[in-house]
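Protein chains in written order, with our numbering: chain G, 1 to 283; chain X, 1001 to 1283; chain B, 2001 to 2283; chain F, 3001 to 3283.
No wet-lab data here; the hints were simulated from the structure.
None of these values were measured; they are calculated from a predicted model.
Even glycine gets a Cβ: it sits at the ideal position worked out from N, Cα and C.
Do not take every clue at face value.
[As the list claims (entries may be wrong)] Away from chain X, derived, C-beta distances all over 10 Å, residues of chain F:
| hint | residue |
| --- | --- |
| 1 | W3107 |
| 2 | A3156 |
| 3 | G3200 |
[What the hints assert, rightly or not] As a list, the in silico DSS-like pairs of lysine-lysine whose alpha-carbon atoms are at most 27 Å apart:
| hint | chain 1 | residue 1 | chain 2 | residue 2 |
| --- | --- | --- | --- | --- |
| 4 | F | K3108 | F | K3095 |
| 5 | F | K3251 | G | K278 |
| 6 | F | K3108 | G | K108 |
| 7 | X | K1251 | B | K2251 |
The lines below spell out each chain.
4 protein chains.
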Amino acid sequence: MSENAPLVCLLHGPDQPGLVAKVSGWIFERGGNIVHADQHRDLEEGIFFQRVEWIPAGDAAVEEAAFREFAGALGMNPSVASPARRTRVALFVSKADHCFHDIALRWKAGEYACDIVAVVSNHQVLEEASRHYGLPFHHVPINATTKPVAEAAQLALLRDLDVELVVLARYMQVLSDDFLSKFARPVINIHHSFLPAFAGGRPYHQAHTRGVKLIGATAHYATAVLDDGPIIQQDVARVTHQHEVNDLIRKGRDLEKIVLAQAVRWHLEHRVLVYGNKTVVFD
Amino acid sequence: MSENAPLVCLLHGPDQPGLVAKVSGWIFERGGNIVHADQHRDLEEGIFFQRVEWIPAGDAAVEEAAFREFAGALGMNPSVASPARRTRVALFVSKADHCFHDIALRWKAGEYACDIVAVVSNHQVLEEASRHYGLPFHHVPINATTKPVAEAAQLALLRDLDVELVVLARYMQVLSDDFLSKFARPVINIHHSFLPAFAGGRPYHQAHTRGVKLIGATAHYATAVLDDGPIIQQDVARVTHQHEVNDLIRKGRDLEKIVLAQAVRWHLEHRVLVYGNKTVVFD
Amino acid sequence: MSENAPLVCLLHGPDQPGLVAKVSGWIFERGGNIVHADQHRDLEEGIFFQRVEWIPAGDAAVEEAAFREFAGALGMNPSVASPARRTRVALFVSKADHCFHDIALRWKAGEYACDIVAVVSNHQVLEEASRHYGLPFHHVPINATTKPVAEAAQLALLRDLDVELVVLARYMQVLSDDFLSKFARPVINIHHSFLPAFAGGRPYHQAHTRGVKLIGATAHYATAVLDDGPIIQQDVARVTHQHEVNDLIRKGRDLEKIVLAQAVRWHLEHRVLVYGNKTVVFD
Amino acid sequence: MSENAPLVCLLHGPDQPGLVAKVSGWIFERGGNIVHADQHRDLEEGIFFQRVEWIPAGDAAVEEAAFREFAGALGMNPSVASPARRTRVALFVSKADHCFHDIALRWKAGEYACDIVAVVSNHQVLEEASRHYGLPFHHVPINATTKPVAEAAQLALLRDLDVELVVLARYMQVLSDDFLSKFARPVINIHHSFLPAFAGGRPYHQAHTRGVKLIGATAHYATAVLDDGPIIQQDVARVTHQHEVNDLIRKGRDLEKIVLAQAVRWHLEHRVLVYGNKTVVFD
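Next comes chain G alone, as it looks inside the complex (with noise of 0.2 Å):
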């Protein structure tokens, strides 16, 4: 096999007869080799996606602007990616450090191919931790009166440092829709509940009251509309009468751990497609 990096493309756009075989072949024509090629097509909307993950022959650069221009002749909308480039994600928390130290251990052991350029917080309780992993922490302190003055200074701050990716671990703000349409970026969300049930506030004091007999959690990219974008992953985890509301908190955390780590893991590995408000993820 050829000792290059390989790109990685998703590309999605009006479905036609014979993508998978112009792709491919515009690949093999330039010497490229495919290591994984995944595709699917949404018959209802007539949309076609596809990853496709493969060793150039040329210069990576170069293979890659071609390939874009190739895509966008084909119709398509592409994202390219390549291993060089590593996603600048930023962190949001709050108080509960869960997921933090979870992200935070798997980023140092290497499981994800990003950097963290900021731990972003309108408390300070996990300015310690962040130094102890060496990761910047940026006090935000947010209220509803300096919400506005607040989300600017993120903004610029996810501006200077050029966050390709904001992951809320726990973050217990709403970002306002202003936030959202100016980062223009992806972000992350972890949703303590299988949605769409209890959305909002307080979901495992909606699910005990409500006496499920399991708690979920969801990551899902946040939209405009609070608990309602695109979702990415979910997963469930059993309870009993015996439970308390304390107790699914508990319980709660270890799924909330495993569902945003899978989330981040498949979108730093540019396996997920966002489309209306739904994804397709080529795992």
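Starting from the known structure of chain G, arrange chains X, B and F on it as the hints suggest.
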């Protein structure tokens, strides 16, 4: 051990010190031997719940009556059952047959300590299959106009047959409040979603539109509020973007069978206590 | 889209650059349209695997023959199937009926694109049930002495009926190496444990003795070595100290049904490739 | 309710009529109030098991001593614990840090009612991380020659610190029979397979070679026979042909963390009774 058949009692009432000792002491003093005992306290509500299964030393009917009196004197609400009395069950079905066959086969295999005394349907599709299993089939057509008359006929049938449990095995009609209050005995329904998500009609279509990554099924006692009764059992199965609505429906059938079968089993084994809008399941 | 029925091909052979492009290019040039395509590379072994499903533009038989020739020229081992040819299946059963009913009901419900051309049993217990489903039943008694004769009779039957797949639905006899090599077509077995744990007889008893906290079931292709063939699907269920062997057996029945049903479905949909002692399942 | 802290007792011994009544009666007569009680009978072996948690009316030490005497007189083997006495735990680690961090973080978050009084390792990799958590680190190098000396040093340390539980958090040395019999207190190990499948070394490699569709992890008490002790908890995760050994190792880390964490929690909450080579877990 004694050769006698066991008695099972489900108890609940205001919590008070010494209840476990009093109940087990009473049984021991009368020569009974406890096979299983499990209890639960809802500390918020101050309610005590217990399931106790014992081999009585004396005549079962005498012991049962004595226990009822004893438990009542403790301020407890007792429900005593004996395997000698098999629960009389009516299955309500429409056209979908997967839950129907699943329950009928479990019953034939001896998994359920019940007599299925009637299959009631608004269609004739399952008439021959019912007869093949040796189950009496009753066709009660129903539409918006005839609903009161049809429900009256169903109620008369249930009363004539002394039915103690109705199982809605994908019965596609909503039972009226009037029916439920007149029947006044438990009705178990299987809803094809992870309640409270996707209550109401066409839940798999709703799930597909929302783009969830897990589909669910929920067995619950039917109440006046649609899809809102006390939940007995829930389970989920993983789905992806590749699954169209028909795939969800197909995968859902397996979920529905397993979840309904488990709920019916627990009910028939006298393991389920309802309080408020929740259940305690002594598994 | 074309009105034609799709063709499905499973390919495998030595890895080489451009295989995806060559296969998809060939299909595109002949006017076919790829509906699904999935591939896998075993990098250690240097083997390429692909499943491709496409709507041919021309006559299916012509396209199929042409594809076989094309794939052979690439050094690939192709297996092309068309839904127009339903797989001919024989079910082998003994006395336990849960997997038998499960498969028969799925077949009746149209879940399986196959014809069940024979039910073969060493007992007569399921004769009447087979007839009720409209399935031809063959009683072939077998014991240590008559085994060679009985297997010869089974083989003659399978040949007469041109059976393409044997499903051992809790058939309690071990097929001899001689039988397997003479039949020379796939045989799917369901073993009632999480293989390789508890191979051989009475696996639930073994599991109970060992005190495991999960029981399993494994669907695999039968090979000359008992319970050692390529695994297609596995699943588990939770058990506790409260479960006696009979409870494991009862809970296991549900597992066995689900696991065998899934393996048979994947096989019939031409999603399973065997290599060495493993499977690639293009799900 | 009383302001006193609860006592927890695990009892086992020869089954006899009236045990539930006698134990609960004794507690009630001394003014105690049972919070939870659960029991199990092994009918084959004729053994009775009980876990009872109660709020004593009087002085905890007095009640505890009295209960021990009472239970002994019944022929029962009692083990009484009080939350006032936090279990003293030693963590044994090597280089892999995922279970180490997981347990340390749960301990810091207050999930575990224990004191981690030592981290013992045959490597120095986790020394700094231990100190950061405030945990005393002991480096005890070990090789084939020095094993007896090293184990003697470990035993001396455990005795000095009055360690009540050793947790092998991916400690890559086999403890000798001599060590186990001299320590004579519980040792919990996490094995990275679904035991009894793939005991011994490199279980993920074994699993990959066998082509299983699920990988597992097993937490068990260590005994003289490697990977054969009483199982406390097990869980599995789904894998496919796409997963190489490194993927199994990565996915396995999450399993190992969850399974070990749950086993340690149950042990610390006095929910696990060992008998023969099995456990009763009162969850």
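Cross-check of the supplied hints:
1. With a closest Cβ-Cβ approach of about 26 Å to chain X, F/W3107 is found to remain outside the 10 Å limit, as its non-interface label requires.
2. For F/A3156, the condition that its CB be more than 10 Å from all CB atoms of chain X holds, with the nearest at approximately 45 Å.
3. Taking the minimum C-beta to C-beta distance to chain X, about 32 Å, the non-interface status of F/G3200 holds against the 10 Å cut.
4. Only pairs whose Cα atoms come within 27 Å are accepted, and F/K3108 paired with F/K3095 is accepted, the gap being roughly 21 Å.
5. This hinted pair checks out: F/K3251 and G/K278 have alpha carbons roughly 26 Å apart, not beyond 27 Å.
6. Our distance criterion of 27 Å between C-alpha atoms is met by F/K3108 and G/K108, whose separation comes to about 20 Å.
7. For the proposed pair X/K1251 and B/K2251, the alpha carbon gap of about 20 Å is at most 27 Å, so the pair holds.
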